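Trainee: So for the sequence shown, the working numbering puts the first residue at 245; every next one is plus one.
None of these hints come from the bench; they were simulated from the model.
Note that the structure is a prediction, hence the values are computed from the model and not measured.
Positions of the beta carbon are idealized from the N, C-alpha and C atoms, including for glycine.
One should not assume that every hint holds.
Unchecked claim - For each label pair, taking beta carbons as the anchor points, the in silico distance ranges come out as:
#1 Ala354 to Pro376: 21 to 29 angstroms
#2 Ala369 to Arg342: 17 to 25 angstroms
#3 Glu287 to Thr336: 27 to 35 angstroms
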Amino acid sequence: MPSIRRPYPTRHAALVASLIVIALTAGCATSSVAPPVIEPEPETQARPVPEGWIPIVRYGRYTLVELVPEAAQQDLLLQVIDVSMPATLPATVGDALRYVLLRSGYTLCAADPDAAALHHLPLPAAHLRLGPLFLRDALLTLAGPAWELQVDDVARRVCFTQQPEPLP
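Required output: the full structure, derived from the provided sequences and hints.
Mentor: See below:
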């Protein structure tokens, strides 16, 4: 195959070399213009929600969902639970109370000497499956009518105190 000869090889190479040098030196140039100073915006307060305004979002073609927390998300004792006590669980009321509270966000008062009698009671067979019902109702069902439910919402702790006996 015959070789192709260029008429001016040195001129072409010199032109390419000078273009490379120009491109490399152009990238190294610095500007003397200082970047603009961005001042932080003053803090603004959130505007109040207009009267009668209902925040909604569209899901699908015909579904509108209101953007507010559910009642059970605001008052955790309104959670709907449906539990079956595991067969390996020792059958005491205290263990059942702890099992029901397991994922509720609340804990059971541990060192309560008054409620120790409640915690050691045997769990009735009727209480091996609870629900669907509210968490508050499940706790009251497990404790029975002789015990009063007391809730510490700050520490998210649930305690039981014995109801005073009525006078004859």
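Trainee: Does each hint hold? Answer for all of them.
Mentor: Now the hints, each set against the structure:
no.: 1; hint: Ala354 to Pro376: 21 to 29 angstroms; verdict: 28 angstroms, holds
no.: 2; hint: Ala369 to Arg342: 17 to 25 angstroms; verdict: 19 angstroms, holds
no.: 3; hint: Glu287 to Thr336: 27 to 35 angstroms; verdict: 55 angstroms, violated
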